[in-house]
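Engineer: Chains as they are written, first to last, in the numbering used here: chain E, 206 to 474; chain U, 233 to 784.
Hints were generated in silico from the structure; no laboratory data involved. No experiment lies behind these values; they were computed from the predicted model shown. You may find that some hints are simply not true.
[Unchecked claim] Non-contacting residues of chain E with respect to chain U, defined by C-beta distances greater than 12 Å in every case (computed):
1. A225
2. G251
3. M325
4. P333
5. F344
6. R352
7. S363
8. G375
9. M431
10. W438
[Said to hold, decoys possible] Simulated coverage check for chain U against chain E, where a stretch passes if three residues somewhere in it have a Cβ under 8 Å from a Cβ of chain E:
11. 301-314
12. 391-401
13. 549-555
14. 627-638
For every residue, glycine included, the Cβ atom is placed at its ideal position computed from N, Cα and C.
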Amino acid sequence: MIYMNNRKKISLILLLIMVALGLAYSYLAPYNPDDFSSPPLLPPGGNHLLGTNNMGQDIFSALLAGFRITIGIALITSLLTTFIGTVMAVLSAFFRGLVDSFIMRLTEIFIIVPDIIVIMLFATFAGPKVWDVIVVMTFFSWSRITRIVRGKAMVIISQDTLQYTLLLKGGLANVGKKMWPHLYPAVVTIFIQQCGRAAVYESTLSFLGIGDPTLKSWGRTIKAAMDYEGIFWSNAYLWWLLPPLLCLIAFVLALALLTFDFEESGRPG
Amino acid sequence: MKKTLLLLLSFMLLYTLVLAGCTAADPLPNISVPEPIDERPPEEERREERILRLDEQNLGFPSVYTVSPRGRGYLLTSFLFDTLTWKDEKGIVPLLAERWEVSDDKKNWTFYLVKNATFSDGTPVTAEDVKFSYEYIQQHPHPWVSLDMVEKVEAVGEYMVEIKLTDIYAPFLTEITGNVPVMPRHIWQDVSDPHQFNTPEAVIGSGPFTLEQYDATAGTYVFAANPNYFLGAPVIDKLIFSEVSQPAQALANGDLDAAQRISYGEAMRMKEEGRFTVIEGPGFWVYRMYFNFDCPEFNEVSVRKAFYHAINRDEIVVKAAGSGAVPGNPGHIHPDSEWYFPGVKDYAFNPEKAGSLLDEADILDKNGDGIREFKGSPMKYELLVANDRVNEAEMVKSYLGDIGVALEIKAMDQQSVDSLLKEGTFDLALNGHGSFGGDPVLLARFASDKASLGSTPSVTAQGGGQWVDKEFNDLFSRQIREIDYEERYKQVARLQEIIAEELPTLTLYYRKITFAFNSETLNGWFFTKDGVAQAVPTVQNKLVYIRGTWGR
């Protein structure tokens, strides 16, 4: 069903390494990335592989922390988002009628309302915790997924096999199980895309008062480097800005390569 | 082929997302400047139009009530509206009032207005306009000035105004007459909601400039010189302010002629390079920690003292403020101020002492989770901070973590931080503001009773529970009525002692102010004594545009 080509293998291996780095982060990091006791703006050297930032924090440790934080947040968020989005879509397709129009109106509201305004409102009440970032991202992303998956589910449910199950008074669970193989490629694609989106979205949110702004995710290391006024005056960008940027790009690119393969394998014929 | 294309597209999408998430790389808005109308007499030589471009934030429509309550917002309106008195680098200078007298009891002030000042619609500025403006501000509270010490304003002649005070008010000429904008009566008398008044009429004043254009979305201001200004026409023809994300870069690229919002590090580098003239001024801008006095633990002075001992101010200055600041004085007043009293209690960085202060107050970590408990509840707080000063917050979090106080950092945009502070919706906060130099009336922000005259700009105010100290309140209202400098200094020194002893706020640092400009354009920039108007620490004093010179 899903064939393995080289490109896919490479991206899969890359992702696995990244996840492994994230898991082993606390054993690998030479410093606590929050510790600012080193001298500021050291160039790369023996004690600090990638030097230190303007606060005197070890950049290499922050980069490693990013494997856990950025990838972790991305995976959890997209898992939640995709799950909620898909369940809503299947409910919509199964019950149709009132349930369907209710869910569709709901998604429309989410699509119409500008998320930044609601996020800013939410920020005044929310605490600065990582979980709030995940909740907010999920809250604003599921509706998009519901819209996409519902369309597919509607087509699938009208197919003969599913109609037959319905005829036999198959319940929601039954129908859902039958639909899954057909939905699977689309859902996985969405999941992977969502991962990339979340990795980038996260860094923006902390600056709207949601999430811990001192968390050492890649997005925030990039932002901190860009905010430092002297970043392009010296070579500091080479070891401060570039590494997290490359990691983020590699992560999203690896995900993207996987997505294309799933799209291909999902194609009929 | 299609796949490669998709790959490329996704890469581009990612790149834009990263950029959007990180910094908005906003290019300079394209401002079309219409051809100037030459109104000068023909004998004057025709010259190229002199346009000066500066960076500034979007501070709202620059009329008296619609502009941002921040100091620099007020300065934008000062280009359009004049006050009776003003300040330059040496101190108070006449503006709309060419001279003034005060009665022996120091309560009756008489101002003689200049006779050649007109509003930009051609109407002359008269005593009636002055009287009207003061009364209007009394009826419509202004975020910047409070006139509760003004009993009556009388237009005695066409160009003579008498202001009667309820009590002696020592900083009257700087804080009141140097701040109340004179608005044209014939326009404002029909305005009932000045906060919504944003028509072209709302910016008719007697100032050196007129507002040619304000783009609310781009945050761009175009001011045109007022050729009929009573002190003489400005040396420049157009003054343009726009929001720029990297002012230093924009200056280097020639997109700006002068840059105000540059960091200390950038300024020092530019100075080294020597392409631009860089000036450094007194940093009457303070960064401090706010306590919410609705939390019972923050009413314990030992907690506040412990916090101050736990925070390494010198390290914050070096690492978070990039050495562009001076460490804070426990007595709050800036060491460069003429009112500074050096003899206050000091709080050297000493985490052990901080810990033992808390131990003595019986604030201990009884359950052993690393966080102390105050009357049974763990000392965990949210630290509110503006999103451009997260580094400071990160350091404070670590310092207080070392003495068993857990903080969570909540970073928001500056406006939200200001309003949450004003409402008192916070536990602990870090925030900075100007309005800090000059007259010790600035200490009004720590005086809790309404009996004290005057007020500081609302942007420095803090909501929720207040720190209350009777001696401070009494002394504050006494010194504000004291005319003798020596005597007043003694009282102000005592106020600083009380602040250092009680720590209603933790003064962390004073930012140094820098300004870089291209000396081929406008020259003659100066730092106003004690800051422009009510102590705004910038070079944006409108007199620069009158007294300055163009080119080398």
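Engineer: A separate judgement is required for each hint: does it hold in the structure or not?
Structural biologist: Verification of the supplied hints:
1. With 12 Å as the threshold on Cβ separation, the claim that A225 (chain E) sits away from chain U holds: the shortest Cβ distance comes to roughly 23 Å.
2. Distance check for G251 (chain E) against chain U: the nearest CB is about 22 Å away, which clears 12 Å, and the non-interface claim stands.
3. Annotated as non-interface, M325 (chain E) brings its C-beta within 12 Å of a C-beta of chain U; the closest such distance is 7 Å.
4. P333 (chain E), annotated as away from the interface, has a beta carbon of chain U within 12 Å; the closest lies near 4 Å.
5. Under the 12 Å C-beta cut-off, the non-interface status given to F344 (chain E) relative to chain U holds; the minimum distance is some 18 Å.
6. The non-interface label for R352 (chain E) is consistent with chain U: the shortest C-beta to C-beta separation is roughly 19 Å, beyond 12 Å.
7. Its beta-carbon lying about 29 Å from the closest one in chain U, S363 (chain E) satisfies the requirement of being farther than 12 Å from that chain.
8. Residue-level check passed: G375 (chain E) sits 38 Å from the nearest beta carbon of chain U, beyond 12 Å.
9. M431 (chain E), annotated as away from the interface, has a beta carbon of chain U within 12 Å; the closest lies near 5 Å.
10. Annotated as non-interface, W438 (chain E) brings its C-beta within 12 Å of a C-beta of chain U; the closest such distance is 6 Å.
11. Here the segment 301-314 of chain U counts 0 residues with a CB under 8 Å from a CB of chain E, which misses the bar of 3, and the coverage is violated.
12. Under the rule that three or more residues need a Cβ within less than 8 Å of chain E, the assignment of the segment 391-401 of chain U is violated, with 0 such residues.
13. Counting residues of the segment 549-555 of chain U whose CB falls under 8 Å from any CB of chain E gives 4; the rule of at least 3 is met.
14. Coverage of a stretch by a chain is defined here by at least three residues with a beta carbon nearer than 8 Å to that chain's beta carbons; for the segment 627-638 of chain U and chain E the count is 3, and the condition holds.
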